[in-house]
Amino acid sequence: MTRWFEDITLDEIFPLGSYTFTAEEIIRFGKLYDPQYFHLDEAEARESHFGGLIASGWHTVLVGHRKMVDALFAEEDRLRAIGEEPGLSGPSPGVNRMDFKAPVRPGDVVTYTLKVTGKRRSNSIPGWGLLFNDLDAVNQNGEAVYHAELVSFTKLRDYRPSFRLRLLMALTRVPGLGQLLASRSRP
Amino acid sequence: MNPVTANRRHYEDLAIGETIALGRTQVTKDMITTFAREFDPFPFHLDEKAAKASLLGGLAASGWQTAALSLRMLVDAFLSKIASMGSFGFTELKWKQPLMVDDTITGTATITSMRRSKSHPDRGIIVIAFDIRNQRNEPVMSMNLTNLVEVRDPSAPIPEAAE
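Quick note, the sequences are listed as chains B and L, same order. Sequential numbering of the first sequence, starting at 1, is according to my numbering. Sequential numbering of the second sequence, starting at 188, is according to my numbering.
Source of the hints: derived by calculation from the structure; they are not laboratory data. Take every hint as true, because none was put in to throw you off.
Calculated lysine-lysine pairs in the BS3-like style (CA-CA distance at most 27 angstroms, straight line): (1) B:101 with L:268; (2) L:281 with B:101; (3) B:101 with L:305; (4) L:305 with L:268.
If you're wondering where the values come from, they're calculated on a predicted model, not measured in any experiment.
From just these sequences and the hints, can you work out the full model?
Set out below in structure tokens:
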């Protein structure tokens, strides 16, 4: 999936693999980032409307993110193995929405998939494109665990800066002038 | 009656506009790389040199780490003190600028919306807007978290506008 912006096809579904959530992992994550009683203690969690220990939604999301990063690296390896130069993924500007749909309990197996639903060139960062991704997680019974709509940056292969931009980039390397230009070009 | 949350603030005790001051958390290089190794092993969260060459311009925390630490601050300051029933999710999570080594985050969370659930009269739904800032008071992250809260008196009538 670390493909160049131009090579990314829309609506292709990428399987990201599965993860089994154990009580130990659920509690460890809860203690670190989401210490609410239904993520920490089985007996107390039984008093909640969940009726037992559940994983923090953020835990299931972070595991999903890790699965996605692993898939990007695997795609990079696959492209190198067939003699192609992989693209470059960048950081993410945000998440449009995240819907937690069903709780994850100890022993649940969550399976993740990724789909790119849209893409466009970045207006703010020349040479990069924006991807709009759906990440879906389902449990072993086929129930939706969460649905996420993520945004990420990926690099363009065929990008050549405009003459104006190349001139500006050259000028920013002149001592003193660079800082002045940078401060003036801020939005 | 839930014995765990009986003495905590319930839906009826909350109001739109309530602002929660979040604590402060400093992110060290070790915290950044430990988190990245587990959840976000991109080179720009693990390695100084790779980070310098990236869009981030230096070793920076995973945006997900900023979010997880912000959540932790909200749980400590608020969610563990109310009769929270967990979250439905969030919208408009925006990472406005990277959190670099030794930066400190703090900020506020404000209740921006409240309504009773029509299908479950024992539940209220609140939206909490995060405004996370760094030590220079620059915005780092924002998002709107939707959280469920126990209603103390489910027999109280639900206003018409509720869903």
